[in-house]
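Student: Taking the hints into account, I'd like the entire structure generated from these sequences.
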Amino acid sequence: MRLLEMNHIKKSFDGQEVLKDISIHVDEGEVLSIIGPSGSGKSTMLRCATMLETIDDGEIIYLGDKAAFSKDGHAVYAKAADLKKIHGYYGLVFQNFNLFPHYSVIKNITDAPLRVQKRNKSEVYAEARELLKKMGLEDKENAYPYQLSGGQQQRVSIARALAMKPKILFFDEPTSALDPELTGEILKIIKNLAAEKMTMVIVTHEMNFAKNVSDYVVFMDKGVIVEEGKPEDVFNSENPRMKEFLGKFEP
Amino acid sequence: MTVMQIVKQLFGSMGITMEIFFVTLITSLILGLGLALVRMSKNPILSVIAKFYISVMRGTPLMLQLLVVYFGPFFIFGMQITPSYRLKAVLIGFALNYAAYFAEIYRSGIAAIPVGQYEAARMLGYSKTQTFAYIVMPQVIKRIIPPVANETITLVKDTSLAFTLAVAEVFTVTKQLVASQSSVVPFIVAGIFYYIFNLIVAVFFDYLEKKLDYYR
Chain G
1 MRLLEMNHIK KSFDGQEVLK DISIHVDEGE VLSIIGPSGS GKSTMLRCAT
51 MLETIDDGEI IYLGDKAAFS KDGHAVYAKA ADLKKIHGYY GLVFQNFNLF
101 PHYSVIKNIT DAPLRVQKRN KSEVYAEARE LLKKMGLEDK ENAYPYQLSG
151 GQQQRVSIAR ALAMKPKILF FDEPTSALDP ELTGEILKII KNLAAEKMTM
201 VIVTHEMNFA KNVSDYVVFM DKGVIVEEGK PEDVFNSENP RMKEFLGKFE
251 P
Chain W
1 MTVMQIVKQL FGSMGITMEI FFVTLITSLI LGLGLALVRM SKNPILSVIA
51 KFYISVMRGT PLMLQLLVVY FGPFFIFGMQ ITPSYRLKAV LIGFALNYAA
101 YFAEIYRSGI AAIPVGQYEA ARMLGYSKTQ TFAYIVMPQV IKRIIPPVAN
151 ETITLVKDTS LAFTLAVAEV FTVTKQLVAS QSSVVPFIVA GIFYYIFNLI
201 VAVFFDYLEK KLDYYR
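Chains G and W are the protein sequences, given in the same order.
Using the numbering used here, read the first sequence as starting at 1 and increasing by one per residue.
Using the numbering used here, read the second sequence as starting at 1 and increasing by one per residue.
Note that these hints are calculated values from the structure, not bench results.
The beta-carbon is built from N, C-alpha and C at its ideal position, and this holds for glycine as well.
Be a bit skeptical, because a hint or two may be false.
[Unchecked claim] Covered stretches of chain G, going by a simulated chain W footprint (3 or more residues, C-beta under 8 Å):
id: 1; stretch: 4–11
id: 2; stretch: 97–105
[As the list claims (entries may be wrong)] Heads up, simulated DSSO-like pairs for lysine-lysine below, C-alpha to C-alpha not over 27 Å straight-line:
id: 3; chain 1: W; residue 1: Lys42; chain 2: G; residue 2: Lys107
id: 4; chain 1: G; residue 1: Lys84; chain 2: W; residue 2: Lys128
id: 5; chain 1: G; residue 1: Lys107; chain 2: G; residue 2: Lys165
id: 6; chain 1: G; residue 1: Lys197; chain 2: G; residue 2: Lys248
id: 7; chain 1: G; residue 1: Lys10; chain 2: G; residue 2: Lys79
id: 8; chain 1: G; residue 1: Lys118; chain 2: W; residue 2: Lys128
id: 9; chain 1: G; residue 1: Lys85; chain 2: G; residue 2: Lys107
id: 10; chain 1: W; residue 1: Lys128; chain 2: G; residue 2: Lys121
id: 11; chain 1: G; residue 1: Lys165; chain 2: W; residue 2: Lys128
id: 12; chain 1: W; residue 1: Lys210; chain 2: G; residue 2: Lys140
id: 13; chain 1: G; residue 1: Lys79; chain 2: W; residue 2: Lys128
id: 14; chain 1: G; residue 1: Lys211; chain 2: G; residue 2: Lys222
id: 15; chain 1: G; residue 1: Lys140; chain 2: W; residue 2: Lys142
id: 16; chain 1: W; residue 1: Lys210; chain 2: G; residue 2: Lys107
id: 17; chain 1: W; residue 1: Lys142; chain 2: G; residue 2: Lys79
id: 18; chain 1: W; residue 1: Lys142; chain 2: W; residue 2: Lys157
id: 19; chain 1: G; residue 1: Lys165; chain 2: G; residue 2: Lys20
id: 20; chain 1: W; residue 1: Lys88; chain 2: G; residue 2: Lys140
id: 21; chain 1: W; residue 1: Lys128; chain 2: G; residue 2: Lys66
Tutor: And the structure:
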């Protein structure tokens, strides 16, 4: 089943074209990695997908529901009520975690399911504890974010996103704010999620990780998709730009 | 007149001072938040009006503002001013003035919340009102306690400006006692009163700060 389709996405900031006619799609259970140099537009693409940024033109379709469509060369967004429903389909894990500092770990995870989704309290708490266990943080439920390491904070933020039961989980450079030692623990968690067939879109600088965990890789540069396909194809591509980019990652 | 008698004479006025203090604090903290939101609103006209209001309120003496609030209804609208309007004029003047200061404190506090907090809340489906009430405001309150404590301490002392409109608060009555008794003892008693009042205010805000110290 197709969970997300973004077609002919265009986006400019102050006349500077950041996304030039980009199309991607994600099927259920698939892991899509978006790689590319800084300023390639990959993070903007993700912010457009999660509707933190609006697109100028193109269409965004979640599970067949149109969040935005193109009309006379401009993107038109769906009604607020429809967007709210579509919003429930996905979650986002930020580069800087963005946990709520005044909430304990367990409250960070349970507050939105209770307040926004109005779900049953004991059920939400039980699930949150289950998630914490999965993240190896069962002893941290009453800690506050500042008491945790970056890697632990990122794991809480993954648990927080998962507690909303999204159909797609987006990751915006989830390890970029972490030192190499802590990067591994986050990648392991994402790998476990992939094994459970969680649908994910990951913007990352971790090439080996993208190669190992993805079903599909998109390489972006200067606002266009330069290369895309199965990881083994993309990483062995003869495209000069792709080779140059990968060359920087190999000693 | 013994010290005890002076204290007794001042006792009623202390109630008025405290009334000015508490009414001003509560109304201006509420008005100030509204004013800050208008000041930060996306509507440029509203924002400029709020900015101008704050600028005037902070840029002119409170004493002058009290006189305008008191005499304004008569000189501008020809309304009859009764003596009972004095205390009301003081309360209105203080609230309008302090709201401007608190608005700027709120504004700095709200502006200091990282945009990531709003984005995270949005990703989790919180409405704008929920985001403000449950995510932003609690963090703002923690941040603004020190400057609010400062303003509050100034407010305790500023209540003495009510003497401009001859409201029988501590300072007004003290001055009368000094004149009638030819003694500076009332000044000393008033000084001790203001000092203890502020000591309590400071202790209260310290407590509040410690209470919110559970996170960073």
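Student: Give a verdict on every hint.
Tutor: Here's how the hints hold up against the structure:
Given a C-beta distance limit of less than 8 Å, the hint that chain W covers the stretch 4–11 of chain G is violated, as 0 residues qualify and 3 are needed. Counting residues of the stretch 97–105 of chain G whose beta carbon lies closer than 8 Å to any beta carbon of chain W gives 5, which meets the minimum of three for the stated coverage. This hinted pair does not check out: Lys42 (chain W) and Lys107 (chain G) have alpha carbons roughly 32 Å apart, beyond 27 Å. A hinted pair counts as satisfied when its Cα atoms are at most 27 Å apart, and Lys84 (chain G) with Lys128 (chain W) qualifies at roughly 13 Å.
For the given pair, Lys107 (chain G) sits about 16 Å from Lys165 (chain G) by alpha-carbon distance, which is consistent with the 27 Å threshold. Distance restraint check for Lys197 (chain G) and Lys248 (chain G): the Cα-Cα separation of roughly 31 Å exceeds the 27 Å cut-off, and the hinted pair is therefore not satisfied. For the hint pairing Lys10 (chain G) with Lys79 (chain G), the CA-to-CA distance comes to about 21 Å; that is within 27 Å, so the pair holds. Proximity of Lys118 (chain G) to Lys128 (chain W) is assessed by CA-CA distance (about 17 Å); at most 27 Å being required, the pair is judged to hold.
The hinted pair formed by Lys85 (chain G) and Lys107 (chain G) meets the criterion: a straight-line CA distance of about 24 Å does not exceed 27 Å. Using a Cα cut-off of 27 Å, the hinted pair Lys128 (chain W) and Lys121 (chain G) holds, with the two alpha carbons roughly 23 Å apart. Distance hint between Lys165 (chain G) and Lys128 (chain W) is fulfilled; the C-alpha atoms sit about 21 Å from each other, no more than 27 Å. For a cut-off of 27 Å, the pair hint linking Lys210 (chain W) to Lys140 (chain G) stands: about 23 Å separates their Cα positions.
Note on Lys79 (chain G) and Lys128 (chain W): the hinted pairing holds, with a Cα-Cα distance of about 17 Å set against a maximum of 27 Å. At roughly 22 Å between alpha-carbon atoms, Lys211 (chain G) and Lys222 (chain G) fall within 27 Å of each other, so this suggested pair holds. Among the hinted pairs, Lys140 (chain G) with Lys142 (chain W) is consistent with the structure: their alpha-carbon atoms are about 24 Å apart, no more than 27 Å. A distance of roughly 21 Å separates the Cα atoms of Lys210 (chain W) and Lys107 (chain G); the hinted pair therefore holds under the 27 Å criterion.
Restraint check: the Cα-Cα separation between Lys142 (chain W) and Lys79 (chain G) comes to about 37 Å, which exceeds 27 Å; the hinted pair is violated. For the given pair, Lys142 (chain W) sits about 24 Å from Lys157 (chain W) by alpha-carbon distance, which is consistent with the 27 Å threshold. Between Lys165 (chain G) and Lys20 (chain G), the direct Cα distance comes to roughly 32 Å. Violation of the 27 Å bound is thereby established for this hinted pair. With a C-alpha separation of about 54 Å, the suggested pairing of Lys88 (chain W) with Lys140 (chain G) is violated against the 27 Å cut-off.
This hinted pair checks out: Lys128 (chain W) and Lys66 (chain G) have alpha carbons roughly 23 Å apart, not beyond 27 Å.
Against the hints set out earlier in the document, violations occur for numbers 1, 3, 6, 17, 19 and 20.
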